[in-house]
Amino acid sequence: MERLRDGVNSIVVKSILSLVIFSFVFAGVSSYFLVTGEKPAVEVGDQKISRNQFEHAYQNERVHMETQVGNRFSTLLSDANYLAQFRRNVLDRMVNQTLLNQQADSLGLRVSEEQIKNSIRTMTAFQTKGVFSNDLYLAGIRRNGFTPDQFAEYMRKYLVREQLVNALQNSEFTLTGELEAMHKLEGQTRSVRTLFLSLADFSQKAEVTNKQKQEYYQQNFSQFIRPEQFKISYIELSVDSMGDILNVTENEARSYYDENFASYGGGTIQQVKVSHIMIKGHGDASKEKAEAILTELRAGVDFSKLAEIHSDDTLSAGLGGQLDWFESGVMDTTFEEAAFALKNKGSLSSIVKSSSGYHIIKLDDTKVSNSESFESVHDQIVRFLKQQQATENFSSLSKILAEKSFEMLNDLENVANAVNGRVQHTDFVSLSELNGTLANPSVVQALQLPEVREEGLNSNIIDISPEHVVVVRVGDVRPEVILPFEEVEDLVTIQLRHQKGLQAVQTLASLLVEELNTGNHTRFNDLGYQFSKPSVLSRISTDRELVALAFTIPIPEVDTSKFDMVNLLNGDVLLVALDSVTDPDKMDISLDSEMAKRVVSTMVNTELTATLDQLRASTNVNYSLQTME
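Here the sequence shown stands for residues -10 to 618, where the numbers follow the numbering used here.
Simulated from the structure, these hints should not be mistaken for lab results.
Some clues are possibly wrong.
Claimed, not checked - When the alpha-carbon atoms are kept at most 27 Å apart in a straight line, the in silico DSSO-like pairs for lysine-lysine are as follows:
1. 262 - 356
2. 375 - 388
3. 262 - 334
4. 375 - 262
To be verified - Derived CB-CB ranges, DEER-like:
5. 472 - 548: 57 to 63 Å
6. 363 - 313: 32 to 38 Å
7. 533 - 472: 23 to 29 Å
8. 241 - 316: 32 to 38 Å
9. 476 - 81: 31 to 37 Å
10. 197 - 70: 17 to 23 Å
C-beta: ideal position from N, C-alpha, C; glycine also.
All chains, please: the whole structure from these sequences, using the hints.
So, in C-alpha cells, the structure goes:
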C-alpha cells in the first residue's frame, strides 16, 4: 500500500493543490498583503477577503488564461454569464484557500524556516541552469509586490496547506473489489440518442411588455451599475518595442561580422589528426622517460621511429604513433586540449598527463570549418545589434523616465519627449476591464493610490519585468452610477427574453422527459421533434456534459429507453434517450496498476472536496452581492 501511495503522491497532491491554491506565478499573491477599508468581497469566518484582493487575483488569473488560451479567452469573457462564473470561480478558490489555512492552523500544522528556504530554493522561477539565483528571487518577488518576509509568509501558508492535503492522501487506500467495480464502471459503454432544444428559439418568441421591463429594472438595479471608471494615460518602455525602431547600418553589421568571424565558423578547427607517444603510469620514472624522449624529438630524431620503440600504445606505435581524425569531446580532456592547442603542422606539445599516463603529441593535420557567409547571418546580426542597443538605451532611458516623471508630476507629454516615447491614452475603463500592461497587479495597485487616483499625479515608475517599465496617470474618474432606464432598456429586454426563454425551454423539456418515460410520445411528435441517430458513449468521450448525464440515467429494460435532460451552460437543454448499456469483459487488476492509482487519486479528490464542503458548512461565509458584477 505504501508503494501505491508513493506512486500517486506527486500526481495527486499537485493536481489537488492546483484546484484550490493559487501559485506564486499566476495568482497575484501580492494582493494578499493589501489592506483596504472597503467592504469585503467575502467574509470567511472572522477573516475578510477585500474587493481589492479579489480584483488583483481576478486580474492575474485573467492574464494567465489569456496567455494560455489567447484571443479565444477574451471572446469567452464577452459572455456576461461566463464572466460572472469565471469571477465566482476565482473568488471560490480564494475562499477554499482561506478555509484550508484556518483548518491547518486549528490542527496546529507548522513548517520550519529551513523548509520554507528549501522550498524557495527549488522553485524553477528562481533558478538559472538548475541553480538558485538570489538576484532572480529578489527581482521576482519585487515584481509581484513582495518583500522577502512577506513571500516567506506566503510560502509558509502554502506549505502548511500542502501538509493538510498530504494528510488526506495518506489516509486513503483501495481494495481489489473496489478496483473490479471501477473497471466495470470505466469500461461500460452506453448507446444514446440526443436532441438539443435551443434557448435562442424560445427567447426570440418571448413577449415582453413595457410594464415588465420597468418592474425588472426597478427590482434589479444592481445589474445596471456602471462601475467606477478611469481615463488613463501612460508611458511604456520596453526593450522589445525599442528594438523595433532602432536602425543598424550595413557597415555596423559588417564590422560586427568581421570582429566575430570565428563565431560564425571562420577558421575554427573542427577536427585534428595527431601522432603521439604514450608512456604508461604516473610515477617519476614514467615522467622522466617521457621528458627524455621529448628531448630527443626536439633534437631532430624522427617521431615515428621513437613511437615504434617507446610508445606503450601498441595499436598506434606500429603506425608511428598516428591516430585517426577526431573532434572535440572524444578524447581525454587534457589530451584533447593539448592537441587542439597545436596550431602548426609538425609542432610538438610539452609533456601531457592524462588518465593513462604521459604523452607527447605531434600535430599532423587539421580540418577547418567553413564559415557562414555574411549574407546568411545578416538578419541575425542586425537583430542582435538592435537588441544590444535597445538594452543599453533601456537602462538609461528608464532612469530618465523615473526622474522626469517625478520632476513633472502633472505632465506626461514632456516626460515622453524626454525619453523619445509617446503617451498612450484609454477611454473610460473600469479596473476589471483593464488588459495587457495595464492589467498588471502593480499597475492596478498604483492606479488606486490617492496621489494618482485623486490628485492626478504621475505614478512612480513601475517594473513590469526587468526589461519593461511603465508610468501611469489618471486623467479623469467617473464614479460608480446606476445607469438610467433609457440607456439600458435594450439590455433589460434581452435579459427578460432570456429569462422567459430559459423558463419556457426548461419547463417544456421537463414535461417531455416525464411523458416520454411513461411511453407518451404525443406532444414530442406533435412538436416535430426527432432524436439523433444512436451513438455509443464511453466515460472518456469528449462531450463531458452528455457523458455526465448518460451515465447517471437508470439502465432501461430490454427494447425500451430511458429519458433525461441536462441544462447546458449556454442555456440550451439537451434531451437524452438511453437505449442500452454494455459492460466490459472481466480482467485481473492488481493493486499496483494505473487503475489503482486513479482510484486513490479520485478518493483523495473526493475527500478534499468533502472536507471543503464541511468547512464551508461550519464556517460563516458571506459573499458581497456586487462582487460578481
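Here is how each hint holds up against the structure:
The suggested pairing of residue 262 with residue 356 holds, with an alpha-carbon distance near 9 Å, which does not exceed 27 Å. For the hint linking residue 375 to residue 388, the alpha-carbon distance of about 20 Å falls within 27 Å, and the restraint holds. Restraint check for residue 262 and residue 334: the C-alpha separation of about 10 Å stays at or below 27 Å, so the hint holds. The suggested pairing of residue 375 with residue 262 is violated, with an alpha-carbon distance near 41 Å, which exceeds 27 Å.
At roughly 59 Å, the beta-carbon separation of residue 472 and residue 548 lies within the given 57 to 63 Å, and the hint holds. For residue 363 and residue 313, the hinted distance range of 32 to 38 Å is satisfied, since their beta carbons lie about 34 Å from each other. Hint check: residue 533 to residue 472, Cβ distance near 37 Å, so the stated range 23 to 29 Å is violated. Range check, residue 241 to residue 316: Cβ separation about 34 Å, and the 32 to 38 Å hint holds.
Taken as a hint, the range 31 to 37 Å holds for the pair residue 476 and residue 81, whose Cβ atoms sit roughly 32 Å apart. Separated by about 19 Å at the C-beta atoms, residue 197 and residue 70 satisfy the suggested range of 17 to 23 Å.
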